[in-house]
Amino acid sequence: MLAVLRLAAALALPPSDSAVLLVRVLDVSDARIGGDAILITDSAGGRARHVLIDASDRGATVIARLRQFQVDTLAAVILSHPHADHYGGMAEVLEHFPTRAFVYGGTSRAARSYRALLAAIDRLGIPVVTADTGVRRLVLLTAADSVILTILAPPTSCHALPVSAGGDEINNCSIGVRLERRGFSMLFPGDAEIAELEWWMVARRALLAANVLKASHHGSTNGTPPEWLDAVRPGAVVISANGRQHPFAEVLALLAARAIPSYCTADHGTITIRVPQGGAWTIVPERPGVCHARTVRGDR
Amino acid sequence: MAETHRFIVDRHEGNVSVVEIDGHAFVDLPRWLLPTGARGDDVLGVTVDAGAERAVITVTRDAAATERAKAAGRRAVERLKPKDPGGDLVL
Numbered sequence: 001m002l003a004v005l006r007l008a009a010a011l012a013l014p015p016s017d018s019a020v021l022l023v024r025v026l027d028v029s030d031a032r033i034g035g036d037a038i039l040i041t042d043s044a045g046g047r048a049r050h051v052l053i054d055a056s057d058r059g060a061t062v063i064a065r066l067r068q069f070q071v072d073t074l075a076a077v078i079l080s081h082p083h084a085d086h087y088g089g090m091a092e093v094l095e096h097f098p099t100r101a102f103v104y105g106g107t108s109r110a111a112r113s114y115r116a117l118l119a120a121i122d123r124l125g126i127p128v129v130t131a132d133t134g135v136r137r138l139v140l141l142t143a144a145d146s147v148i149l150t151i152l153a154p155p156t157s158c159h160a161l162p163v164s165a166g167g168d169e170i171n172n173c174s175i176g177v178r179l180e181r182r183g184f185s186m187l188f189p190g191d192a193e194i195a196e197l198e199w200w201m202v203a204r205r206a207l208l209a210a211n212v213l214k215a216s217h218h219g220s221t222n223g224t225p226p227e228w229l230d231a232v233r234p235g236a237v238v239i240s241a242n243g244r245q246h247p248f249a250e251v252l253a254l255l256a257a258r259a260i261p262s263y264c265t266a267d268h269g270t271i272t273i274r275v276p277q278g279g280a281w282t283i284v285p286e287r288p289g290v291c292h293a294r295t296v297r298g299d300r
Numbered sequence: 001m002a003e004t005h006r007f008i009v010d011r012h013e014g015n016v017s018v019v020e021i022d023g024h025a026f027v028d029l030p031r032w033l034l035p036t037g038a039r040g041d042d043v044l045g046v047t048v049d050a051g052a053e054r055a056v057i058t059v060t061r062d063a064a065a066t067e068r069a070k071a072a073g074r075r076a077v078e079r080l081k082p083k084d085p086g087g088d089l090v091l
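Top to bottom, those sequences are chains A and B. Everything in the first sequence is counted per this note's numbering, starting at 1 for the first residue and increasing by one. Everything in the second sequence is counted per this note's numbering, starting at 1 for the first residue and increasing by one.
Think of the hints as simulated: they come from the structure by calculation, not from any bench. Note that this is a predicted model, so its numbers are computed, not measured.
A few chain B residues that don't get close to chain A, going by computed Cβ distances all over 10 Å:
#1 L33
#2 G45
#3 V59
Capping the alpha-carbon separation at 16 Å, the derived lysine to aspartate or glutamate pairs in EDC-like fashion look like this:
#4 B/K70 - A/E169
#5 B/K81 - A/D122
#6 B/K83 - A/D122
Computed far set for chain A versus chain B, every beta-carbon distance over 10 Å:
#7 F69
#8 P98
#9 D145
#10 G183
#11 A209
#12 G235
#13 A257
#14 P261
#15 G278
#16 P288
Built from N, CA and C at the ideal position, the CB exists for glycine as well.
Model the full assembly from the supplied sequences, consistent with the hints where possible.
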């Protein structure tokens, strides 16, 4: 009997949620400085394929979440930008889950832990997509139901970043990700601030409209200007907030004024966007509640 | 005998600075604890002379170590470039 149960557990690879596409903005609020970790699961081909965007600063937390959702391998790991609250847990994740591709913007940092991450990717032999210019695409291929992840490179000025600007401009060298599957789309702009958002609004405007927007920079005012909402026209905004100072009251007020529903990991826990085959997308928070501002007024 | 440590600035978030300490852990510090000119990627030398009643902590930007760390970061990126298969990727 025990053997039968073990076999049944081993075969339970597809996620228990039967939706074809799931985007889980993970609650990593027990991490010290929080950050982003987003799990995309595509089950259209009958077996689950997973892509992880960022890994917060605490690998153990992300690993526990991935195991909770029955992840065994990762089709790709995407690093939006090299700040510790986005890459800090990534090396540990890569050591635990076989990964088919690593995607980043090719930005260098001085921190030893970041250099160690890149060295680990080299040692593990993971193919690398350096999205430092133009547009690259990752395709989770399943005939008509394929999920396409369009990678938006940062401005070319980021190439000179290590010398000219130092590490203070890293947010504005985020890579963006636009997820698309049939009629559904979601945009992940990393921590891009005004300068990069404006650049994308000029250079990549046709790729910005999305049903759901992951708020840039954890719901800071410099990540969600009104013009950005005009370009994206989201039906809902998900805020991956780290519980210390995000989100900002101005952003929540702006979304409320436009009647755009908002969801915050600090208040709602893990937030799941469900995209069933042939049906309308829905957002399912782990727990009920409303977004609370952690900063009433600020410039970041 | 003073202790020595090394910070590398990850970023500033408002009045908080996030620094890597001695190459592994990250901690949040009040921004006022660092030199006013400290920027992301700066290497800061830290000396701590602690007694029972007083601790003197000196935080100094180390320009030479900063340049060495940045150069090492650039080499790490360069090493990965040949691993890019190019074009779109079907997974």
